[in-house]
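Those protein sequences? They're chains A and B, same order as listed. Each residue of the first sequence is one higher than the one before, starting from 10 at the first, in this note's numbering. Each residue of the second sequence is one higher than the one before, starting from 2 at the first, in this note's numbering.
FYI, nobody ran anything at the bench for these hints, they're computed from the structure. It is possible that part of the hints are untrue.
[Claimed, not checked] Below, computed lysine to aspartate or glutamate pairings styled on EDC-like, alpha-carbon distance capped at 20 Å: (1) Lys29(A) / Glu72(A); (2) Lys56(B) / Glu72(A); (3) Lys51(A) / Asp87(B); (4) Lys51(A) / Glu11(B).
No experiment lies behind these values; they were computed from the predicted model shown.
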Amino acid sequence: GAVVSQHPSRVICKSGTSVKIECRSLDFQATTMFWYRQFPKKSLMLMATSNEGSKATYEQGVEKDKFLINHASLTLSTLTVTSAHPEDSSFYICSARTTAGVADTQYFGPGTRLTVL
Amino acid sequence: AQTVTQSQPEMSVQEAETVTLSCTYDTSENNYYLFWYKQPPSRQMILVIRQEAYKQQNATENRFSVNFQKAAKSFSLKISDSQLGDTAMYFCAFMKRAGNQFYFGTGTSLTVIP
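Okay, chain B solo, but in the shape it has when bound (with noise of 0.2 Å):
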């Protein structure tokens, strides 16, 4: 079975800073994705960002980065020059490439404060 762990459950950062949301996933496959997920306020899902597992480059969508580990099954998302738009929930996501099904973390909260 697929686990998706996010450990903090609530964050915040200052806005124009930087901030880190871990996200660490347990499986025995080798060929997965792994997605970011934003939720604001709003509750519509909006994809951040997404990684292919045989691929070592980590992936980047402007101010968005990743830090995928596979070996340590890690997989953080770094926001740079964080925004007040940013303010939502991040849910860490993993999916067998030869499969349907989404694994979801538990989220973490994030507020940028002004």
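The shape of chain A in the complex, shown without the other chains (with noise of 0.2 Å):
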């Protein structure tokens, strides 16, 4: 099936500092990726999606300027939290849309979890 990485992690930063997340798609070109935001035993929320080549689209309330978002290639997207603080703290996911294979699907990341101290 499809793999997804993510990396790191697990990160520990203090507060004001910035922090780049990594999501690369291993064995397939994926032209969107998503990012999500996940609270202790809560569903997904869905922070923006990332389009290879263009402009991230931010869902309502998402910040841009703070979740910077970058889909440099087929199978590398990144997000980076700029100038953190504790409330930012959360598990970050991301996934990629694949048209091979099991089309039209959507696979998960392992995850991110950033702790904002």
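Grab the two chains, each in its own frame, and use the hints to assemble them into the complex.
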């Protein structure tokens, strides 16, 4: 099946610093990737849709200047949390949509736990 | 707008028994996909099963099967011969065929009791 990786899996940073999270599709090309945020025991909340070669589309209420998304290639999207604050602590999950294999399906990365001190 | 409802926050089942998780959705679309994802304690989201709305036949994957009732907008997941490894959070999801976005339900926490 399609594999999506995320790096790092866990990060702890100080308030005010920036953190970059990478999402890679390992065995397929993904023109579209998605970034989600998940609070404990809650569902996934879509933050933004990342399109290769164009600007990301952000969901209502998500600050695009705080959560910078870059989809530089067909296998890599990055999420940068700028000037992180404790309220940004959360579990961030990316997914990639594939049109190969099981078409029109999203495969998820293993997630990144961000803790801002 | 699309909404997905999972009315059972928590469920439990005895090992080797069968359990059914419910999911209803609301949409005006005619062409769409429905999914069940599993999120074990590792928090890795794993695709369990997928249904295309234009297909009347219910999807099955080994011990997992769905009961898709398009008119009733219902998409329940049946897990047969439950195993301890089935303990996880289960999310129902909807995606328009012509769209990108997933709409997730709030999840059902399933515990398989030995």
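Do the hints match the structure? See the list:
Distance restraint check for Lys29(A) and Glu72(A): the Cα-Cα separation of roughly 16 Å lies within the 20 Å cut-off, and the hinted pair is therefore satisfied. Taken as a hint, the Lys56(B) and Glu72(A) pair is broken in the structure, with Cα atoms around 39 Å apart against an allowance of 20 Å. Taking the CA atoms of Lys51(A) and Asp87(B), the gap is near 19 Å; set against the 20 Å cutoff, the hint holds. At roughly 12 Å between alpha-carbon atoms, Lys51(A) and Glu11(B) fall within 20 Å of each other, so this suggested pair holds.
In summary, the one numbered hint that this structure violates is 2.
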